[in-house]
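A.B. asks: Make a model of the complete structure from these sequences and hints.
What follows is each chain in one-letter form.
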Amino acid sequence: GAGVSQSPSNKVTEKGKDVELRCDPISGHTALYWYRQSLGQGLEFLIYFQGNSAPDKSGLPSDRFSAERTGGSVSTLTIQRTQQEDSAVYLCASSFLAGGDYEQYFGPGTRLTVT
Amino acid sequence: AQKVTQAQTEISVVEKEDVTLDCVYETRDTTYYLFWYKQPPSGELVFLIRRNSFDEQNEISGRYSWNFQKSTSSFNFTITASQVVDSAVYFCALSEDNTDKLIFGTGTRLQVFP
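In order, the protein sequences belong to chains A and B. Count along the first sequence starting at 1, add 19, and that's the number in the working numbering. Count along the second sequence starting at 1, add 11, and that's the number in the working numbering.
Think of the hints as simulated: they come from the structure by calculation, not from any bench. Mixed in with the good hints, there may be bad ones.
Stated by the list, open to error - Cut-off 27 Å, straight-line C-alpha distance, at most; resulting in silico cross-link-like pairs (DSSO-like, lysine-lysine):
no.: 1; chain 1: B; residue 1: Lys81; chain 2: B; residue 2: Lys14
no.: 2; chain 1: B; residue 1: Lys49; chain 2: A; residue 2: Lys30
no.: 3; chain 1: A; residue 1: Lys76; chain 2: B; residue 2: Lys27
no.: 4; chain 1: A; residue 1: Lys76; chain 2: B; residue 2: Lys14
no.: 5; chain 1: B; residue 1: Lys49; chain 2: B; residue 2: Lys27
Said to hold, decoys possible - Part of the chain A face toward chain B, derived, beta carbon under 10 Å:
no.: 6; residue: Gln69
no.: 7; residue: Asp75
no.: 8; residue: Pro80
no.: 9; residue: Ser81
no.: 10; residue: Gly90
no.: 11; residue: Leu110
no.: 12; residue: Ala117
no.: 13; residue: Tyr121
no.: 14; residue: Pro127
Claimed, not checked - Here are the simulated distance ranges between beta carbons:
no.: 15; chain 1: B; residue 1: Pro52; chain 2: A; residue 2: Glu39; range: 26 to 32 Å
no.: 16; chain 1: B; residue 1: Gln122; chain 2: A; residue 2: Gln60; range: 31 to 37 Å
no.: 17; chain 1: B; residue 1: Ala18; chain 2: A; residue 2: Glu104; range: 24 to 30 Å
no.: 18; chain 1: B; residue 1: Arg74; chain 2: A; residue 2: Leu58; range: 41 to 47 Å
no.: 19; chain 1: A; residue 1: Leu58; chain 2: B; residue 2: Ala18; range: 15 to 21 Å
no.: 20; chain 1: A; residue 1: Gln60; chain 2: B; residue 2: Ile71; range: 29 to 35 Å
no.: 21; chain 1: A; residue 1: Gln60; chain 2: B; residue 2: Val24; range: 37 to 43 Å
Virtual Cβ for every residue (Gly too), placed ideally from N, Cα, C.
C.D. replies: Structure representation (structure tokens):
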């Protein structure tokens with residue numbers, strides 16, 4: 020079956036512009052996670068959604084970052100007023116349910132470059 | 012506080028050698044989960060294994076094996092008879108029962124030379 024997909028695969032933007040990154044989870048997966056991978060910070064958790072529960076936003080680095088998940092499926096991560104330190108690969112993952120009993124399956128990522 | 016340490020930044024071996032990737036974790040929870048992921052040059056993270064804190068049995072899957080020892084807070088990964096296709100960055104991760112998010116180690120880059 021289809022895995023997690025993300026778009027765009029690459030995004031180059033100018034400092035100060037807003038960007039939207041999209042994630043399509045595996046069909047039937049109720050939990051969706053966003054992580055980012057950068058040289059300086061490694062792989063770090065950003066936010067996750069589980070069904071209709073309030074999202075866990077504890078990993079968002081600043082209020083310029085936000086995410087939503089519409090209809091319990093597709094998710095969009097928005098970064099406002101991008102800064103150079105936002106340059107990273109943004110990874111989306113989904114799992115059947117939230118929790119350690121369920122492995123997270125990752126998408127290919129969106130490489131964001133802020134110039 | 013939860014933390015995952017992968018002290019080996021990079022390992023180079025020659026094909027057919029055995030190699031062990033170390034992972035040490037810290038957590039205050041009694042219920043937690045440990046994972047290994049592989050990130051090949053293509054970039055996509057590939058799930059390898061999950062272990063919960065109540066199951067200390069070692070696991071073998073083909074050339075891969077995992078050694079979970081709660082006494083030393085370690086979850087080490089061994090590749091037997093390594094192959095060039097094993098070249099990748101390997102991440103160990105921890106998930107605590109009350110959080111669900113993955114806390115990753117910094118990864119170990121494995122290079123297998125022919």
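A.B. asks: Where does the structure disagree with the numbered hints, that is, which hint numbers, in rising order?
C.D. replies: 3, 8, 9, 10, 16, 18 and 21
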